[in-house]
Amino acid sequence: MFDNISLGRYYPGQSALHRLDPRTKLIAAIVIMVIVFLVRGLWPMLAIALLTGLLILASRVPVKIVLSGLKPMLLILIFAFLLNLLTVPGGKVWFAWGPLTVTEAGFLTAIRMTARLAFLIMNTTLMLTLTTTPIMVADATENLMAPLKKIRFPVHEMAMMMSIALRFVPTLLEETDKIMKAQSSRGADYDTGGLISKARGLVSVLIPLFVSSFKRAEDLAVAMEARCYRGGEGRTRLKSLAYTRLDLLFFAGLLGAGAVVLALEFALPATV
Amino acid sequence: MGYWPVPAFQNSRSMDKFAEIKNVSYSYRQSGREPLVAVNQISLDIPRGGHMVILGRNGSGKSTLARLINALEQPSEGTLVVDDLPAAVEENIWEIRRRCGMVFQNPDNQIIGTTVEEDVAFGPENLGFPPADIRRAVDDALAVVGLEDMTQKAPHLLSGGQKQKLAIAGILAMRPSCLILDEATSMLDPLSRQEFMDLVCRLSRDEGLTVINITHNMEEVQLADQVAVMGDGRLVSIGTPADIFEQIEQIKAEGLDVPAHNEIVYELANRLQIPLYPKEAATWEGALATVRRLLAVASSDAELRKKTIWAADLIRSEQAVRVSDKRSESEPIISVENLAYTYAADSPQATTALHDVSFDVRRGELLGIVGHSGSGKSTLIQHLNGLLRVQAGSVRVLGLNASNNADIRKIRQKVGLLFQYPEHQLFEETVFRDIAFGPRRMNLEEDEVNRRVLRAAEIVGLQTDDLERSPFELSGGQKRRAAIAGVLAMEPEILILDEPAAGLDPAGRDEILGYAGTLRDLGVTVILVSHSMEDVSRLADRVLVLRQGCVHALGRPADVFSDARRLAEAGLAVPRPSAFLRALQEDLPGLDCDCYSPEAAVEALITCFASRLPATEPECPRDGDGDV
Chain C
1 MFDNISLGRY YPGQSALHRL DPRTKLIAAI VIMVIVFLVR GLWPMLAIAL LTGLLILASR
61 VPVKIVLSGL KPMLLILIFA FLLNLLTVPG GKVWFAWGPL TVTEAGFLTA IRMTARLAFL
121 IMNTTLMLTL TTTPIMVADA TENLMAPLKK IRFPVHEMAM MMSIALRFVP TLLEETDKIM
181 KAQSSRGADY DTGGLISKAR GLVSVLIPLF VSSFKRAEDL AVAMEARCYR GGEGRTRLKS
241 LAYTRLDLLF FAGLLGAGAV VLALEFALPA TV
Chain P
273 MGYWPVPAFQ NSRSMDKFAE IKNVSYSYRQ SGREPLVAVN QISLDIPRGG HMVILGRNGS
333 GKSTLARLIN ALEQPSEGTL VVDDLPAAVE ENIWEIRRRC GMVFQNPDNQ IIGTTVEEDV
393 AFGPENLGFP PADIRRAVDD ALAVVGLEDM TQKAPHLLSG GQKQKLAIAG ILAMRPSCLI
453 LDEATSMLDP LSRQEFMDLV CRLSRDEGLT VINITHNMEE VQLADQVAVM GDGRLVSIGT
513 PADIFEQIEQ IKAEGLDVPA HNEIVYELAN RLQIPLYPKE AATWEGALAT VRRLLAVASS
573 DAELRKKTIW AADLIRSEQA VRVSDKRSES EPIISVENLA YTYAADSPQA TTALHDVSFD
633 VRRGELLGIV GHSGSGKSTL IQHLNGLLRV QAGSVRVLGL NASNNADIRK IRQKVGLLFQ
693 YPEHQLFEET VFRDIAFGPR RMNLEEDEVN RRVLRAAEIV GLQTDDLERS PFELSGGQKR
753 RAAIAGVLAM EPEILILDEP AAGLDPAGRD EILGYAGTLR DLGVTVILVS HSMEDVSRLA
813 DRVLVLRQGC VHALGRPADV FSDARRLAEA GLAVPRPSAF LRALQEDLPG LDCDCYSPEA
873 AVEALITCFA SRLPATEPEC PRDGDGDV
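So the protein sequences, as listed, match chains C and P. Residues in the first sequence are numbered consecutively from 1, following the working numbering. Residues in the second sequence are numbered consecutively from 273, following the working numbering.
FYI, nobody ran anything at the bench for these hints, they're computed from the structure. We put the CB at the ideal spot given by N, CA and C, even for glycine. One thing to keep in mind: the hints can contain errors.
With a straight-line cut-off of 16 Å between C-alpha atoms, the simulated EDC-like cross-links for lysine to aspartate or glutamate are [to be verified]:
1. P/Lys682 x C/Asp189
2. P/Lys751 x P/Glu730
3. C/Lys239 x P/Asp411
4. C/Lys178 x P/Asp380
5. P/Lys524 x P/Glu871
6. C/Lys92 x C/Glu104
7. C/Lys215 x C/Glu175
8. P/Lys524 x P/Asp504
9. C/Lys215 x P/Glu745
10. C/Lys215 x P/Asp380
11. C/Lys64 x P/Asp618
12. C/Lys149 x C/Glu233
13. P/Lys751 x P/Glu717
14. P/Lys551 x P/Asp504
15. P/Lys551 x P/Glu539
16. P/Lys751 x P/Glu783
17. P/Lys686 x P/Glu763
18. P/Lys524 x P/Glu539
19. P/Lys579 x P/Glu539
20. C/Lys239 x P/Asp618
To give an idea of the interface, some chain P residues facing chain C are shown, with a C-beta separation under 10 Å as derived from the structure [unchecked claim]:
21. Arg370
22. Gly710
23. Glu730
24. Ala755
Computed beta-carbon distance windows for the label pairs [claimed, not checked]:
25. P/Ala678 x C/Lys215: 37 to 43 Å
26. C/Gly231 x P/Lys682: 55 to 61 Å
27. P/Asp793 x C/Ala199: 37 to 43 Å
28. P/Ser630 x C/Leu75: 51 to 57 Å
29. P/Tyr549 x C/Arg230: 37 to 43 Å
Full structure from sequences and hints, please.
Shown next, in the form of structure tokens:
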């Protein structure tokens, strides 16, 4: 039932992108995010598409899997497209019906917004979930935020919570599926019926899910203690983070590509 | 924290005791109530390098004892020394936890890493090993348990058996000296259980690890050199497996199992009133030899011959009273034809769970479905009430089509499906309302709902005042009963039970399986799904064996078990009582070997004994012959 969700699904591999330091990928994801939001023009947008394509190629993750990351966000993408299409004024009016008008500017904005969102999602999942395990992301966050420890911010605890939450996503999805099937067998109906009966149906799934999650949390805490976990103090790592030449190369390439995109954006006359 | 390349046991002082437990007690604080005494004045020495099994009902304090040994809890009274380290000393706690690795019951709730390798590294990381040593420890540990090809795999994609091996690897990476298993195999199928225990025994032998195994499984008990029995937080008995199973009455009174061969011989000697020699039936071979000896004794003098014949007559009259069953010949109520199912059909991860499965379920019968994890059992039963849509083939239930939406609604009211660990589906404020959930969805009158809830509660033995409590306040066994009642209250014509006894202790298991028999006797058609041949064979009218998504065998238990080799192909064994009788077939031609409970086996043995005695005694003619 939930097999198509790629959130938190690591795609094992040994590609260049897999071997990058997670901190590099975390920073790169932020850099790409900023660039994507600065860009408006058609050419720079195409340049970003090219960059995304290159990254996918470098990751050796099948395009189909990267695209499947868009599926859960499909509704939001469609909503963003329609909202912009129907509300943004300006340019030639193509179609009008009551307060709703479809204009040339609206169409272009809609495409731009949707493309931006899509690139954003694709690059972030590629960098941070498909080629990086959640624990590596947590490590990178912990490492980059280490200075905050000085002001007593619980950096290690946050990172640990994050990675455990991600570890249990597939387990809880499986559990949800199981509980829904069990309640369906008792006559619960999650597909038809009004809003109220649907909300009531949700209760029969959420309560068992909460109860079992607490039980899991309790078990896990004991299992962690049994394996000598006692916070971040004195803990070492199997894969201690270290930047390599690959990171330097990647970062230089990314900044170069970013510069080209921004140059295209600001040097070329705006197309809209 | 340092790094210990040498196993700790090699340089310790006292070579005999791994743990010394002296007058240890532990109580749990409970808000607003008296503290619960989980472990009560226990004194016990655990030998170094030994293999100890702890038996006891759920709630007898076994797990608490294990947690005390692992320094996860501190005793409220008494002293505890583990591997020469007093557990009361604060600085020793982490070292004790490192040396005593613990594998828990639920494989999912002890995996922390998002890949196999990350999970194994968790312990050494906590201990502050340098990265190069962690790398070595992880690789070594994974090679020992045989998961070295899966370092990058996500743990949720592993099978249950692999997950438990992963848990062992996580412990080995910390270089422990003791392995504590807290019902670690209770969620595994027989094949994975066997593999897992083989690994444990190998570690115990090759690495000199001390093993403490908390279990209900009789085959695992035979691997131990010492067995401790706990009841109500106290140590009831301790000794070798042979010592312990001498005290059959006492062990059964604790609600525990006894190996089938011990029980058969004990009961047989009892019925024939012939005393047993001490420990003569301790082993399988010993028990077989004892049966032969009993036969010789029983036919040795006239008095004993008479007793045997009486016992056989009694059995014959009892059997005559039991209803003979013709259930397997009644009309089909479910028919499955050429059913096939593939998960994630159009993706590269496509896995075919069922290939071309065809069978019938007949009205009023109890059909057992047996097979290993991954044999397709769950996929199959989910088709029977429309939870999974038919991809190929056809499923007809009570004349309705299970691939038709309108029919599925009706089917779900007639077919009750109880999943594994059904207590996970409880959610209402009171037990009553939870049981009433199903009937209310059927739009019944309130009076009828009431009637059904009370009747269902009565069948599973829930008291009236339990019905007004929150389901989350109940004990584990009570929750299971409430969940079963929730399905029974829908008064289904067909009831499907998926591993209804999983995770229960022997007494709880017998009780829950007993309901399956009761319901069949009430006229409900029951489908019992399990990976335990022993449980299914006792109850089932017919057995369906699934293997890799195909019907491997289907028929009466006697027919299915007659071909032991074919059964072994599906990774299943003939149930112990029947296997025991088969081993005696050469000595006792004509012995009925199709007995799946110790009681039935004893009856078959006595009947066979009597038939081999001279029909009439010259000096004392039997006067009751004509009446029987």
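For the pair we were handed, P/Lys682 and C/Asp189, check the Cα-Cα distance against 16 Å.
-> Holds - the C-alpha atoms of C/Asp189 and P/Lys682 are around 13 Å apart, at most 16 Å.
Hint says 55 to 61 Å; check whether the CB-CB distance for C/Gly231 and P/Lys682 agrees.
-> holds (57 Å)
Hinted contact P/Glu730 with chain C - closest CB pair below 10 Å | At 19 Å from the nearest chain C Cβ, P/Glu730 fails the 10 Å test, so the hint is violated.
Decide if the proposed pair is consistent with the structure: C/Lys64 and P/Asp618, CA atoms, cutoff 16 Å inclusive.
-> Judged against 16 Å, a Cα distance of about 12 Å means the pair holds.
Do the beta carbons of P/Ala678 and C/Lys215 sit within 37 to 43 Å of each other?
-> Given about 38 Å between the Cβ atoms, the range holds.
Between C/Lys215 and C/Glu175, is the straight-line Cα distance small enough, at 16 Å or below?
-> Holds - the C-alpha atoms of C/Glu175 and C/Lys215 are around 13 Å apart, at most 16 Å.
Taking only the CA atoms, is the gap from P/Lys751 to P/Glu783 under or equal to 16 Å?
-> This hinted pair holds, its Cα atoms lying about 14 Å apart.
Hinted pair C/Lys239 and P/Asp411, Cα distance within 16 Å = holds (13 Å)
Taking 16 Å as the top limit, are the C-alpha atoms of C/Lys178 and P/Asp380 close enough?
-> holds (15 Å)
Given the proposed pairing of P/Lys686 with P/Glu763, does the C-alpha separation stay at or below 16 Å?
-> holds (7 Å)
Agreement of P/Lys751 and P/Glu717 with the hint, judged by alpha carbon distance not exceeding 16 Å = Measuring from Cα to Cα gives roughly 26 Å; hence the hint is violated.
Pair hint outcome, P/Lys524 versus P/Glu539 [Cα-Cα no greater than 16 Å] = Holds, at about 13 Å.
Taken one by one, the earlier hints fail for this structure at numbers 13, 14, 20, 23, 28 and 29, listed in ascending order.
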